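Novice: Use the sequences and the hints to build the structure in full.
2 protein chains.
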Amino acid sequence: MKKTYLFAALSLTLSLSAVGFSANAEDTVMKDAQAQFQPVPDKAPAIKGNEATPDKIELGKMLYFDPRLSKSGLISCNTCHNVGMAGADFQQTSTGHGWKQGPRNAPTVLNSVFNVAQFWDGRAKDLAEQAKGPIQAGVEMNNTPENVVKTLNSMPEYVALFKRSFPGESDPVTFDNMAKAIEAFEATLITPDSKFDLFLKGDAKALAQNEQEGLKLFMVHGCVECHGGVNMGGDQYYPLGVVNKPSEKIIAGDKGRFAITQAKDDEFSFKSPSLRNIELTPPYFHSGVVWELAEAVQVMNDSQIGADLKEGDIGKIVAFLKTTTGKQPQVLHPILPAPTQATPKPSLE
Amino acid sequence: MKKTYLFAALSLTLSLSAVGFSANAEDTVMKDAQAQFQPVPDKAPAIKGNEATPDKIELGKMLYFDPRLSKSGLISCNTCHNVGMAGADFQQTSTGHGWKQGPRNAPTVLNSVFNVAQFWDGRAKDLAEQAKGPIQAGVEMNNTPENVVKTLNSMPEYVALFKRSFPGESDPVTFDNMAKAIEAFEATLITPDSKFDLFLKGDAKALAQNEQEGLKLFMVHGCVECHGGVNMGGDQYYPLGVVNKPSEKIIAGDKGRFAITQAKDDEFSFKSPSLRNIELTPPYFHSGVVWELAEAVQVMNDSQIGADLKEGDIGKIVAFLKTTTGKQPQVLHPILPAPTQATPKPSLE
Numbered sequence: 011m012k013k014t015y016l017f018a019a020l021s022l023t024l025s026l027s028a029v030g031f032s033a034n035a036e037d038t039v040m041k042d043a044q045a046q047f048q049p050v051p052d053k054a055p056a057i058k059g060n061e062a063t064p065d066k067i068e069l070g071k072m073l074y075f076d077p078r079l080s081k082s083g084l085i086s087c088n089t090c091h092n093v094g095m096a097g098a099d100f101q102q103t104s105t106g107h108g109w110k111q112g113p114r115n116a117p118t119v120l121n122s123v124f125n126v127a128q129f130w131d132g133r134a135k136d137l138a139e140q141a142k143g144p145i146q147a148g149v150e151m152n153n154t155p156e157n158v159v160k161t162l163n164s165m166p167e168y169v170a171l172f173k174r175s176f177p178g179e180s181d182p183v184t185f186d187n188m189a190k191a192i193e194a195f196e197a198t199l200i201t202p203d204s205k206f207d208l209f210l211k212g213d214a215k216a217l218a219q220n221e222q223e224g225l226k227l228f229m230v231h232g233c234v235e236c237h238g239g240v241n242m243g244g245d246q247y248y249p250l251g252v253v254n255k256p257s258e259k260i261i262a263g264d265k266g267r268f269a270i271t272q273a274k275d276d277e278f279s280f281k282s283p284s285l286r287n288i289e290l291t292p293p294y295f296h297s298g299v300v301w302e303l304a305e306a307v308q309v310m311n312d313s314q315i316g317a318d319l320k321e322g323d324i325g326k327i328v329a330f331l332k333t334t335t336g337k338q339p340q341v342l343h344p345i346l347p348a349p350t351q352a353t354p355k356p357s358l359e
Numbered sequence: 011m012k013k014t015y016l017f018a019a020l021s022l023t024l025s026l027s028a029v030g031f032s033a034n035a036e037d038t039v040m041k042d043a044q045a046q047f048q049p050v051p052d053k054a055p056a057i058k059g060n061e062a063t064p065d066k067i068e069l070g071k072m073l074y075f076d077p078r079l080s081k082s083g084l085i086s087c088n089t090c091h092n093v094g095m096a097g098a099d100f101q102q103t104s105t106g107h108g109w110k111q112g113p114r115n116a117p118t119v120l121n122s123v124f125n126v127a128q129f130w131d132g133r134a135k136d137l138a139e140q141a142k143g144p145i146q147a148g149v150e151m152n153n154t155p156e157n158v159v160k161t162l163n164s165m166p167e168y169v170a171l172f173k174r175s176f177p178g179e180s181d182p183v184t185f186d187n188m189a190k191a192i193e194a195f196e197a198t199l200i201t202p203d204s205k206f207d208l209f210l211k212g213d214a215k216a217l218a219q220n221e222q223e224g225l226k227l228f229m230v231h232g233c234v235e236c237h238g239g240v241n242m243g244g245d246q247y248y249p250l251g252v253v254n255k256p257s258e259k260i261i262a263g264d265k266g267r268f269a270i271t272q273a274k275d276d277e278f279s280f281k282s283p284s285l286r287n288i289e290l291t292p293p294y295f296h297s298g299v300v301w302e303l304a305e306a307v308q309v310m311n312d313s314q315i316g317a318d319l320k321e322g323d324i325g326k327i328v329a330f331l332k333t334t335t336g337k338q339p340q341v342l343h344p345i346l347p348a349p350t351q352a353t354p355k356p357s358l359e
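Quick note, the sequences are listed as chains A and B, same order. Taking my numbering, the leading residue of the first sequence gets 11, the next gets one more, and so forth. Taking my numbering, the leading residue of the second sequence gets 11, the next gets one more, and so forth.
Check the hints yourself; a few may be wrong.
Repeated chains share a single entry, so a pair holds when one copy, or any two copies, can fit it.
Stated by the list, open to error - Derived lysine to any residue pairs resembling SDA-like cross-links, with alpha carbons at most 20 Å apart:
#1 Lys110 x Glu359
#2 Lys332 x Pro166
#3 Lys211 x Asp42
#4 Lys110 x Ser82
#5 Lys205 x Gln46
#6 Lys355 x Gln46
These aren't lab readings, by the way, just hints derived from the structure by calculation. This one's a predicted model, so the numbers in the text were calculated from it and none came from an experiment.
Specialist: This is the structure in structure tokens:
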């Protein structure tokens with residue numbers, strides 16, 4: 011697995027002049043930004059091998075909101091990835107079946123379709139594969155594929171919608187198709203039109219001066235190396251603690267991607283999280299122990315960058331990061347199918 | 011407290027002719043029904059002393075969906091009164107803080123504005139008073155009014171919306187105003203246009219013959235005495251077990267309204283639940299132990315009515331009850347205010 015965690019300050023053409031902004035300086039910042047970021051598109055991207063028809067998206071939305079996918083009947087995808095809370099849950103680490111706490115902070119579902127893979131350690135190759143994990147995890151929804159399929163088959167409205175969503179399949183109500191429908195819905199959860207996106211599209215006035223200065227700092231100090239692209243992260247794995255190991259409180263004994271690959275190089279490596287809408291989704295890091303964005307930026311500088319940031323620089327970077335908050339998805343709450351006598355009863359055990 | 015649990019079969023003018031329906035017989039059923047039920051209105055009713063402005067309704071919706079009203083940050087009103095699941099939770103009794111099970115089945119929020127009082131035992135005089143209960147209950151949201159107000163005050167978007175919703179108040183962010191806003195939103199959660207409502211409005215063809223026969227049985231045997239009016243219940247308290255005491259499994263040691271009034275007459279009395287949308291909200295009874303609607307009807311006949319129902323009569327009553335399913339409310343999921351550093355952290359303890 012290729013790793014790029016270059017500290018490319020020297021290779022960048024930006025000058026960190028403290029003199030302020032001329033029209034030319036603005037142009038340079040914009041051009042440099044356009045070379046390293048892309049705006050969130052207005053429409054959900056196509057998913058390879060999973061055509062997103064309106065039926066399938068609607069089915070996926072119902073499944074996303076249906077707590078009956080959990081053994082207890084209490085927990086849905088939306089519990090930990092709340093579409094009204096920027097796709098996350100404002101918890102240190104998520105709480106699931108039996109009031110158990112999971113090991114990691116819930117990453118946002120928003121824009122997650124742009125990630126190279128899913129979960130903090132990238133163990134799911136796409137959103138469909140991801141969706142199958144928490145449904146079965148003992149500390150999350152604690153269900154089985156068999157019980158999920160039985161639940162879905164018990165409700166004629168679901169069966170009809172699976173048939174329409176997966177035409178031509180003789181047995182469309184499957185755990186895999188459930189995951190594909192959820193993926194189709196989740197791909198619609200994107201946040202275009204942030205101030206930063208308007209800037210990337212050419213509107214120099216979309217960012218105030220201190221926000222542009224924050225953007226410059228973000229690029230010149232190499233934050234962009236792990237947090238560039240359309241999602242400002244989510245595209246690769248990087249070790250935590252390049253310059254200095256962060257505190258044990260932050261690492262929390264988590265070896266990250268090492269648990270998946272068993273490769274020494276992957277020890278303490280994580281997929282770089284997307285920084286889009288980041289102000290809306292405290293707490294931060296896989297361990298969820300840092301609640302303040304400025305502190306998170308400071309920790310990243312100390313552990314990954316090692317720059318000698320001047321007083322106020324952190325504030326400027328935070329001001330820039332807040333410009334990435336985009337239009338939050340408008341979701342009409344689905345009306346879920348009525349249960350029948352064949353619907354498995356919930357169990358708290 | 012006046013109690014009316016008359017078995018008014020003799021006083022009704024219906025004839026239970028098995029010969030079938032003439033146009034006149036249909037007219038009679040309709041007229042009798044119109045005398046004892048009212049259709050759900052198309053618009054939310056006004057709430058005395060709580061003007062429902064668009065701002066207040068929007069605020070109430072946000073509060074209704076905000077899990078940060080609970081101590082854990084995990085449980086919102088919508089958890090147990092899911093607008094996508096007919097306003098209930100498909101649980102025997104609701105599960106709350108610490109994975110504890112509450113003592114009673116969650117009544118639906120839909121059309122609850124039409125109830126004379128709230129909770130199974132009527133201990134809250136209205137929806138605003140009701141809303142304050144679960145937020146503080148140890149087995150539900152386990153929060154305190156102080157922590158709720160602190161939470162709301164920590165988010166400028168909430169503060170602004172409280173100001174607009176309660177104009178002229180010097181300190182609008184209060185626990186009471188929170189409850190009033192939730193009430194204003196909940197009053198919008200009504201389900202007009204059921205087949206039964208169309209029938210009540212004069213469309214004789216809205217109910218099929220077996221459904222009309224079920225309606226006749228429902229009226230002639232006196233079910234309507236406790237389940238009439240606009241909400242088909244919710245208007246008064248009645249003892250469970252007039253003819254025969256139901257099984258201990260159903261009663262589950264719950265003395266109902268007695269716990270509130272300490273009056274001997276109220277022992278095992280409950281507010282009659284609304285039967286609207288009843289097919290969508292199993293399980294049934296305060297104890298939630300009966301999952302099948304036909305069984306619930308049979309239990310009610312055995313304990314409250316004592317009629318000698320013919321084979322198929324229960325089926326007809328169930329067919330009628332299913333015609334009360336109305337148009338479910340369309341709710342755009344709210345985008346909740348971003349937390350700030352002042353927002354109290356969630357606690358699972």
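Novice: How do Lys332 and Pro166 come out at 20 Å by Cα distance, when the copy is not named: within, between, both, or neither?
Specialist: between (45 Å within a copy, 16 Å between copies)
Novice: Given a CA cutoff of 20 Å, do Lys355 and Gln46 count as a within-copy pair, a between-copy pair, both, or neither?
Specialist: neither (51 Å within a copy, 36 Å between copies)
Novice: Could you place Lys110 and Glu359 in one of the four classes (within, between, both, neither) given a Cα distance threshold of 20 Å?
Specialist: both (12 Å within a copy, 12 Å between copies)
Novice: For Lys110 vs Ser82, is the C-alpha pair at or below 20 Å within one copy, between two copies, both, or neither?
Specialist: both (13 Å within a copy, 12 Å between copies)
Novice: Within, between, both or neither: how does the pair Lys211, Asp42 come out at a Cα-Cα threshold of 20 Å?
Specialist: within (13 Å within a copy, 67 Å between copies)
Novice: Are the CA atoms of Lys205 and Gln46 at most 20 Å apart within a copy, between copies, both, or neither?
Specialist: within (16 Å within a copy, 59 Å between copies)
Hint check: a violation occurs at hint 6 only; the rest are consistent with the structure.
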